[in-house]
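Visitor: Could you slot chain V onto chain Y? The hints should help.
Protein chains in written order, with the working numbering: chain Y, 1 to 629; chain V, 10001 to 11031.
Worth flagging that the hints you see were computed from the coordinates, not collected in a lab.
Remember, it's a predicted structure, so these values are computed and weren't measured experimentally.
Hints are supplied without guarantee of correctness; some may be wrong.
Quick list of in silico lysine-lysine cross-link-like pairs, DSS-like style, CA-CA up to 30 Å [to be verified]:
#	chain 1	residue 1	chain 2	residue 2
1	V	K10050	V	K10660
2	Y	K487	Y	K314
3	Y	K614	V	K10638
4	V	K10660	Y	K614
5	Y	K614	V	K10807
6	V	K10608	V	K10313
7	Y	K46	V	K10668
8	V	K10495	Y	K399
9	Y	K45	V	K10634
10	V	K10660	V	K10608
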Amino acid sequence: MERSNIIRIGGILMAISSLLISCEDYLDKTPASDLTEEQVFGNYKKFQGFVDLFYGDKRLIHYNQALTSSLDLGDDVDCNKNFTVTYNIPHGNYWWVWQNYHQNIFNQHDESIDPAVRSGIWTAGWYNIRRANMGLHYFNLLLEATDEERNLIKGQLYFFRAWNHFEIARSWGGLPYIDKYLNPDDEMHLPRLSYHETLMKVVQDLDSAIACLPVDWNETVQGQQAFNSCVGRVTKGAALATKSRALLYAASPLATKLRTGNPVYDNELLIESAKTSWEIIKLAQQGVYELVPWSQYRENFASNKTGSNTIWNKELIWTRLKNATGPDQINNGMGRIHNSQRFGGNGVVTCPTLNMVELYETATGYPIDDAPAGDYNPLNPWVNRDPRFLSTILVDGVKWVASQNNDDAYIQLYSSGGTSASGAGLDMDPGTTSGSISGFLIRKYIPYGVNNKDQQWSQYRFQVPFIRLAEIYLNYAEAVNEVYGPKTIPPFAAMTAEEAVNTVRRRVKLPVGEDIRKPVELFIYGNASLPDVPQKYTVSKELFRERIRNERSVELAYEGHRWFDLRRWYVAHLPKYKIRYKCIFDKNHTFFRKEVLFEGIFEEKHYWLPFNRKDVNQYEGFKQNPGWE
Amino acid sequence: MNKIKLIKNVLPLIIFLWFMNSASIGQTVSGKVTDADTHEELIGVTVMVKGTNIGVITDINGMYKISASKGNTLVFSYVGKENVEIVVTSAVHDVALKDKTVSIDEVVVVGYGSQKKESVVGAISNVKGDEIARISGVTNVSNALSGIVPGLTTINYSGKPGQDEAQLLIRAKSTWNGMEPLILVDGIERDMNNLDANEIESISILKDASATAVFGVRGGNGVILVTTKRGREGKPVVRMTANAGVKNVSKVPEYLNSYEARWLRNQAIENQLPVDPSTWGYITPVAELKHYRDQDLPYQYPDVNWQDEMLKKQAWTQKINLDIRGGTKFMKYFSSISYLYDGDILNSQDFGQGYIPKNDYSRFNFRSNFDFLPTSTTTFSVDIDGASGKEHTMGAPAYLIWLGVYGKGPDDYPIRYEDGIFANNLAGYYMENPVELLNYGGMITETRTDVNTTFSLNQKLDFITKGLSFNGRVNFQNYYYSQGPNIAESRMVTKYVDWRSGTEVWNYPIAYLNSKHGFNFIPQKAIIDTEKAKTNVYQNLMYQMSVDYSRNFTGGHDVTGLFLFKRREYSIGSNFPSYREEWATRLTYGYKNTYLFETNGAYNGSEKFDRGHKFGFFPSIAGGWVFSNEPFMKSMKKYIDFIKFRYSWGKVGSDNNIPKWLYVTQWKQVTNSAKIGYPNATVPPYTSYDISNIGNPNARWETATKNDIAFEGVFLSNFLSVNFDYYWGRRDDIFMSAEQRNIPPWFGADPVAANIGKTKEKGWELEVKIRGTTSQKLNYFASAAISYAKDEVIYEEDPYLLPLYQKNEGYQIGQTRSYLNEGVIQSWDEMYTGVMWLNNPQAMPGNFRQIDYNADGYIDANDVVPYGYPDHPQYSMNYSIGCDYKGFSLLIQIYGTTNSTLEESIYEFSSPYYASVVDRQLYNDIWLPGYPRSGSYRHPSFMYFANNIGNYKYKDGTMWRLKNVELAYQFQNKFLKELGVNSVRVFLNGHNLWLYSHLNEDRETGGTRINDNVLKYPMTKTYNMGFNIQF
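Bound-form chain Y, shown alone (with noise of 0.2 Å):
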């Protein structure tokens, strides 16, 4: 008995003391971190595949998914609903951006979804700088590729580093710009530059991008392994396009008023934002870019063709491509803000305001405030209108359903003489309880069939284009027109401002037999393209220039353009652009009716973002943006 239980003793001990021995660095355990910076940057393939990591950045997804993270945050829109960035962003409330970090695309960092969910502009932006300066400090590890390979790389590097210190920048002004791999260890505590240094500093990788991007992936070495697989990829066209915008940027009067006090246009920057653009006219005049003819100009921004399951074409020189398709897109996607609840909106309605509608001019080429007689009737305002009104804004009365033929089939955003409750239109708040709050819906991204009731969607896709090519000629005017004037063709180019406007016009072509209850898809558009600007515009860079902001803002509409350049442009302070306005009808049409939809707020200091407080706190350097101290 005795014995037996000592050898179990023994036998015990003898088999704890074994594994003592056996584990020596018991606790000096990690898993297998065997992947070093070498084999993550060394040779071709895995580089691009960490810069690969930019285009799919959650900022860019949610920029052109724009669920609520609208970009359109100026004179253009109101929203039902005051907890998105389009009603907070418009109603003055930029404090907003810090204090919700759900749908917002300045700063949309939920911890608690997902810590690893970084996007909006601010958060997402600073991370893909630090990527941007990752890849170039590791740089001289890529020993397994050739010179153009290196060069794809470095040019991409370059480009995302500009474009996200861009973005940031323009929303809220001058800022460190970070061009070195930050250790946790190193001074971070630094100041900011001024607004101008910071877009220089833009512009100076800029440059280092366009002389290493290629104007064609199909034409290097990895394109050419199966052609077109690179598109999407940034090319020398999209490093010029937004360096031809970020110098514009530079010489507007917001800018020049941070330098100078005085809110005009800086000529010097002017000139070098129109050679810039130039640079890419040629390239489209090459045949690398082209304006898409009218009929195809919805799918700069919507489709639902098969054949493709994304949107590309020689339009867009910038643009984050996607590849999902269907009822998601519209349920999930555009459909949830463009959309009344009727139509698969979820109660959160981004709506154009009057303001918006108002900028379009008559078919005949004059603002509708100055259209010769006739041109423009106040009691049937919505034909005989510039096409891209239709294109771009849903009205009353459209048939909206292509399966159905009673009353719900049609659009209904009247205020009165309906059957609801208060008598208001059934894509109208309060008709229902989310519609539209200004008697319009945006019907940009929405091709005609794309609804949940015809559920014509199994290849629906939208996108938001970052740059296409439209907006280059009109950064060329901009810059032509202040600098030399409408008619003169600059010595660097040869092209005048007004040519460069007209340009954009003349693809814009004109029904015949107009009929707003129909949807312009099943439009028929003749060979007349929309005219050019009438000759008493073009007399004067001063009248021109109204033009082609004008031109700009229906052209560019609802593609994140609009706030940026009012508050470029130093307007956007003015009661012009801070009252909104909806409009007010019946069914029947029987009256149209101007009304303030609300009055926005618009101070000195809402020209910029604040930062969030916790970092301004931080130390004496990182100055609060005037007025939110």
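Guide: The following block gives chain V in isolation, referenced to the frame of chain Y:
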């Protein structure tokens, strides 16, 4: 196990022993020995004739017979009882033994051992298992500890069966990284809430560094040691305890009915008309208001009290336990089985859906602790225990269900329409019908099984040197978690009728859309998943070895020593396992039980950190002076039983909530959501890598330095006892995660987590107890314990330029911060003459006026200032009184906390639903011009930018709770004896019967109700009835 066999073997032996002892010679004195408190017969009491070797032990009836002559002194001694000496005057002497309060040999469980209570120099509170078992209204140990241990703060936040354990906080909160104490059950790290209270012998709460230093990097937040019952030499004692209880909701907010809410909504719309006319369309016409009031058209103008529909009037709990305890010289055993059921308070009903969704919990526990003593110097123990809990949870999304309890408009729709169809408005925000959803939403079943096996060996090594022993222990723990079989939702066809427009909107569940039956849709019967949705196995292997030394040298020198080694391997499923390794030592020295000295040390490690930071040494020293044992105190013995002063200092660590392997910079493959190529864009062909963690090689644990100075005293022959502890300390290297750090945003990645925080703490605990017996043999006791704990942040990387009052530094962790209200703006004049918010064109009379704290002319984020206290209490107080008289006993425990500030969750047409939900409490305090009862809350608003309500929502967190009340009667008579029953005790008790709180609901944590199933489950009060039989 073959317990019956065991009993068979053991019983004769005991009887034999007893027989041997009672066969004595001489004149016989006999009598019965009972427990003075419980009046139970005491078995195995040693009765000795003083000054001789003659002795017996009492039999199973507590009887003794001993031969002694008149004038002899009999000494009665029993473990845990005061010795009693009586002089023999007659042939019969009945004796009652009292519990020892402070006794020389009362033993306290300390880290990796036990010590005589008298010589303990660390701050340790000890709770006996009986005290825990007595609180039978609660289902878990952490709740039972609430309000009976000074220095232990418990925070209850949920009443969900199976998840209603309390958060425990030992002394002051000194880190923001989780203050969960280390909990060891018989030396094994595990959840004590899985134990049945009847299994517990004692619980030690180790509070200061001296007591916890042996746990090193794990001891920083205090340690709770749970010791389970073991066998005792003697006849088997079988106990059965059963109780059943009724519980109901303690306190939930009350809301307005639909008439009142609609009326108030009209008031709101009228008031905001000058600044926001757009809501005028939501006015309820007087004619409709009338219908809401009269309820003559309940389907059109409903008034549903959703709380009444969603909550049951009462739910059931029950508990039953059977255990047996006994042993011989060679083997001792304790076995126990228990079953517990805790019912659901949500009102699920049988609508013919084939199942009733529940949120209940049942648990089965078993335990067998065996000690084998194969030789006189060897003890080999095998402990096997397990708990298997089954928790049901409703399948419907919790936030929609709890909306039914905490914020569903009474006017949304009726529960069902006249035709029996459930109402449901899917078009609105969160407008699902909670009654339909609860009952047709399916059910989730979770099973958690915890099985522990421990082998331990204790070998005395006196042959090497006297007092030396070896201890080895191996533990295998297996924890199985599985989910399923679940019941899939089986939703009904529902509809919504808009009475104004007459439109009916039908909502069809997916089952309907897939059904061939069309309008004859038969609601789908529940589908029970056969597959387990999820399973997980947690495995734990622990082995430890220690060498103990304990010897009393002549001349009054007591020396003990301990050297221990321990390793633990822990894995979840197939995840990378976790490892721990610990070395611990202790050395104590006592001189004549008067001067005490102790030093502890742990050298232990954490795999979480880099080489060089993996291991650390955690020392402590402590000293005690038993003043009452000084020779010159002898004369005071009459008044002073015991006085001890003690002081301790030590360092302990905490790596709680610090992630593993922060020191490594890790690259990982990431999924790219980029799309490249035309006409069909696809994910780029190359693999993408990115840094998933930027390494911080300096990551390490937090270090707490703690001091404790204390006084313990017992006076007036155990009538009064007083304990007072004062402690202070600091914590360095507090871990700050990426989110907590403040570095410029252009770093571009999550900041690197670092150990840079610092806090300090101080506090005290006072415990006063009296106990006594009146001449009528009424035993009574009363005790009061008050704890105070306060922490202060010294460094938390606050932004440098932040105003001082907004920094965390200098304030307590969790300090409440708010805008301060000055009152309600009474008129337009008043509004425009006061300080305003920037850009607030929507301001109007009736809003709160806030204080411009920094006097910069407007209200903005800089005017948020510290307000009140932190969210955890500074004071917690326990009061209990009790008495027993002739078999009756009464116990009352009251628990209170104060000096905390809690955020109240209040509803007032709240965004984004704008449902007609208004707290009645708020309504009674609303400012309405023109009404006589204008209160202090601002004018309500509807669908409109709501003015900041400032500090209105922060309430004084003072709470008083009637935690436990018990009335019991113990039967003890011959008749029962003949039935073989030793004693029967019946009891009636209640838990959480009465609450005083400033919040509109029973919760000890503040904050808005987040969408959390567990947090929203209301707390309950319980009434119990039960009995305890001992054979």
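Visitor: Each hint needs a verdict: does it hold in this structure or not?
Guide: Hint check results:
A distance of roughly 63 Å separates the Cα atoms of V:K10050 and V:K10660; the hinted pair therefore is violated under the 30 Å criterion. For the suggested pair Y:K487 and Y:K314, the alpha carbons sit about 28 Å apart, so the restraint of at most 30 Å is met. Our distance criterion of 30 Å between C-alpha atoms is broken by Y:K614 and V:K10638, whose separation comes to about 65 Å. Between the alpha carbons of V:K10660 and Y:K614 the distance comes to roughly 28 Å, so the proposed pair stays at or under 30 Å and holds.
Among the hinted pairs, Y:K614 with V:K10807 is consistent with the structure: their alpha-carbon atoms are about 11 Å apart, no more than 30 Å. Between V:K10608 and V:K10313, the direct Cα distance comes to roughly 49 Å. Violation of the 30 Å bound is thereby established for this hinted pair. As the CA atoms of Y:K46 and V:K10668 are separated by approximately 13 Å, the hinted pair is consistent with the 30 Å bound. Among the hinted pairs, V:K10495 with Y:K399 is consistent with the structure: their alpha-carbon atoms are about 29 Å apart, no more than 30 Å.
Distance hint between Y:K45 and V:K10634 is unfulfilled; the C-alpha atoms sit about 89 Å from each other, more than 30 Å. Proposed proximity of V:K10660 and V:K10608 is supported: the alpha carbons are some 4 Å apart, at most 30 Å.
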